[in-house]
Amino acid sequence: MPVAPTPAERFIQGILPENPVYRQLLGLCPTLAVTNGLKAALTMAGAVAFVLFCANIVTSMIRHLLKPHLRIVIFTLIIATFVTITDRFLAAYMYNMSKTLGPYIPLIIVNCIIICRCEVCASRQSMFTAAADALGQAGGFALALASIAAVREVLGTGQLFGIQVLPTVWPNWIIMILPPGAFMTLGLLLGAVNWIQLRRSEKAGQTSE
Amino acid sequence: MHYLTDIILIALGAALINNFVLYYFVGICPFIGVSRRIDMAIGMGFAVTFVISIAAFLSWTITTFMLKPGAPVSKWAAGFFMPAASAAQVDLTVLSYIVYIFAIASSVQFVEMYVRRFYPSLYRSFGVFLPLITTNCAILFACLIIFSRIVGVDNPADAWDIGRALTLAVFGGIGFTIAITIMAGIREELELCDIPKPLKGAGITLIVASILAMAFMGFTGVDSGLKSALTPAAVEHTQSAEE
Chain A
1 MPVAPTPAER FIQGILPENP VYRQLLGLCP TLAVTNGLKA ALTMAGAVAF
51 VLFCANIVTS MIRHLLKPHL RIVIFTLIIA TFVTITDRFL AAYMYNMSKT
101 LGPYIPLIIV NCIIICRCEV CASRQSMFTA AADALGQAGG FALALASIAA
151 VREVLGTGQL FGIQVLPTVW PNWIIMILPP GAFMTLGLLL GAVNWIQLRR
201 SEKAGQTSE
Chain B
210 MHYLTDIILI ALGAALINNF VLYYFVGICP FIGVSRRIDM AIGMGFAVTF
260 VISIAAFLSW TITTFMLKPG APVSKWAAGF FMPAASAAQV DLTVLSYIVY
310 IFAIASSVQF VEMYVRRFYP SLYRSFGVFL PLITTNCAIL FACLIIFSRI
360 VGVDNPADAW DIGRALTLAV FGGIGFTIAI TIMAGIREEL ELCDIPKPLK
410 GAGITLIVAS ILAMAFMGFT GVDSGLKSAL TPAAVEHTQS AEE
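Chains A and B are the protein sequences, given in the same order.
Counting with the working numbering, you get residues 1 to 209 for the letters of the first sequence.
Counting with the working numbering, you get residues 210 to 452 for the letters of the second sequence.
Any given hint could be a false lead.
[What the hints assert, rightly or not] Incomplete in silico selection of chain B near chain A, CB under 10 Å:
hint, residue
1, I237
2, A314
3, V324
[Unchecked claim] Interface residues of chain A toward chain B, partial, derived using beta-carbon atoms under 8 Å:
hint, residue
4, P103
5, G162
6, L190
7, L198
Derived from the structure by calculation, the hints contain no laboratory data.
Beta carbons: idealized from backbone N, C-alpha and C, even for Gly.
Generate the whole structure from the sequences, applying the supplied hints.
Listed below in structure tokens is the structure:
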């Protein structure tokens, strides 16, 4: 039987080595849909972090009561409850942002990251490990979203957080803030991450020889 | 607007112009994961179309009769323990997400059991995808659009009827099938190409998807052109107003 991972280990693993977007290719809908601006992307990451944290803790607390064939339904119901809370909160305090994100906030319910973490980690580990795992994965997700959104916003509008960063002579690449730009940016960034990974493993292979 | 015109515009919008996958980015997980072979892609497409239609029917029914403010069933149920005036204002829309996800999960479960019992060969070909469909964003997304077109409209007469809701769902599913089948066809050819190592797999798929999305952007504006072509009376009206 494998040794139970410590909370700190789970936290570190989530950010880069098991990054939900770049390494596991999970939760791609919000990754592509809300990354045309950094602000929207970070709000989305915050919402996902809250839902993931709460859902992981609750799942971990009831893990001894779960029946195998009903567990997915239970997970989605837990997640749906927290998503409703998030959605109402955003509509009350950040109305414009809630309009911008539109249906992608309720779509957090079917975000594979959260269901996958509930299934793989929270339903087997203690509460602290599950909470640390949620924070690590949420951090990794925020990092991925922010990197994609930064590339798209700078190239598409010449701005970052709505502040002009490129000279105004920059011809805005409108395509970057439209749907094709989302696929293109994620594809190329994914390639870059894989390339770094390959080079690292090659170097490690050489030194060990 | 004429009813048939509306239906045609919804169908075209859902299938091509605002394609679920390439415009709204819902259903990306199977789009990347199950698009290696054409037959599997078509199976997945039909399974999604089937489930999305059932989910749309359920969500339209639930929203119209139970969730929207002053819906008949909630009004009747609330009438037992509160005065009629406040019972008419009962608003259960806050429960919509939980109810939808429950409806989707249970209908997928029933469809899976039914197909396994009565169509074993069909089950072997696309039954494996069915549990995955519960977590497919496209299904919930269709429910949410229908929800916003019933609850979000200012004028109650503009609320969608069941025909419009089912059109959106069926053609949204067809749009998904079109996108995933094209993708699978391209990926079968890509197997033979020399792709840079870091881009193998998901990377090149996303870049191809980007080019496909650009192609689908060519449909932008078709709906407004079609709308003016199908409603000559409205065009004459605006022209006379301009004059």
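Next on the checklist: Of the numbered hints stated earlier in the document, which are not met by this structure?
Outcome noted: Hints 3 and 5 contradicted; others consistent.
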